[in-house]
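S.K.: Numbering (the numbering used here), first residue to last: 19 to 178.
Derived from the structure by calculation, the hints contain no laboratory data. Please note: incorrect hints may appear among the correct ones.
Stated by the list, open to error - Straight line, CA to CA, 20 Å or less: simulated EDC-like cross-link-like pairs of lysine to aspartate or glutamate:
no., residue 1, residue 2
1, Lys175, Asp76
2, Lys105, Glu95
3, Lys169, Asp70
4, Lys157, Asp59
5, Lys89, Asp70
6, Lys36, Glu146
7, Lys105, Asp94
8, Lys103, Glu146
9, Lys157, Glu146
10, Lys153, Asp94
11, Lys105, Asp141
12, Lys169, Glu73
13, Lys36, Glu107
14, Lys46, Asp76
15, Lys89, Glu147
16, Lys101, Glu147
17, Lys89, Glu146
18, Lys157, Glu147
19, Lys36, Asp76
20, Lys46, Asp70
21, Lys36, Glu95
22, Lys36, Asp96
23, Lys46, Glu168
24, Lys169, Asp59
25, Lys36, Glu73
26, Lys36, Glu147
27, Lys153, Asp59
28, Lys157, Asp141
29, Lys175, Glu73
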Amino acid sequence: SSGINAEWPLRPGNLKTKLMSAADHAQKPHSVQCLNINYSDAGLFGLSVVADSEEVGDVLHSSIGVMGSLKSGISDEDLAAAKNKLKLEIATQREVSLMGLVGLDGLLSVSPSTTAQALAAVDSITSEELAGMAKAIAKSSPIMVTLGNEKQVPALKELL
Numbered sequence: 019s020s021g022i023n024a025e026w027p028l029r030p031g032n033l034k035t036k037l038m039s040a041a042d043h044a045q046k047p048h049s050v051q052c053l054n055i056n057y058s059d060a061g062l063f064g065l066s067v068v069a070d071s072e073e074v075g076d077v078l079h080s081s082i083g084v085m086g087s088l089k090s091g092i093s094d095e096d097l098a099a100a101k102n103k104l105k106l107e108i109a110t111q112r113e114v115s116l117m118g119l120v121g122l123d124g125l126l127s128v129s130p131s132t133t134a135q136a137l138a139a140v141d142s143i144t145s146e147e148l149a150g151m152a153k154a155i156a157k158s159s160p161i162m163v164t165l166g167n168e169k170q171v172p173a174l175k176e177l178l
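From just these sequences and the hints, can you work out the full model?
M.R.: As structure tokens, then:
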């Protein structure tokens with residue numbers, strides 16, 4: 019049986035990402051989300067993983083594998099699907115709040131003032147740019163923070 023992937027808040031249309039699907043083999047509830055916090059020329063990029071202590075190692079390995087696969091690029095189909103999901107998120111956030119585009123500035127290195135400009139900026143993202151960003155992130159020094167039962171959490175060097 020497939021594990022339950024709980025993500026809050028639910029995304030528009032319950033869109034499931036590859037990252038969320040990375041650990042579908044887990045038998046117990048888990049959550050895997052990408053974390054991206056940026057400001058000017060500094061930022062924090064990573065994964066937020068919540069899993070049962072017995073399955074946390076598997077969930078971490080699977081999730082890091084999905085992120086690592088981005089270094090070799092993605093298919094045009096996957097890129098188009100990701101862009102569409104991001105555009106839906108932007109349009110939804112913009113409709114709900116004017117703060118919806120604040121994090122987009124760092125992601126796209128632009129300051130879109132309208133929803134149309136933000137959507138056009140997303141459309142301009144290429145697979146090569148994505149692969150370049152993934153390679154740059156992979157070269158950075160990773161850290162890991164744990165909370166809770168750490169007995170089954172693999173060491174960072176075992177995950178990379």
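S.K.: Which numbered conditions among the earlier hints are violated in the structure presented, ordered from lowest to highest?
M.R.: 5, 24 and 28
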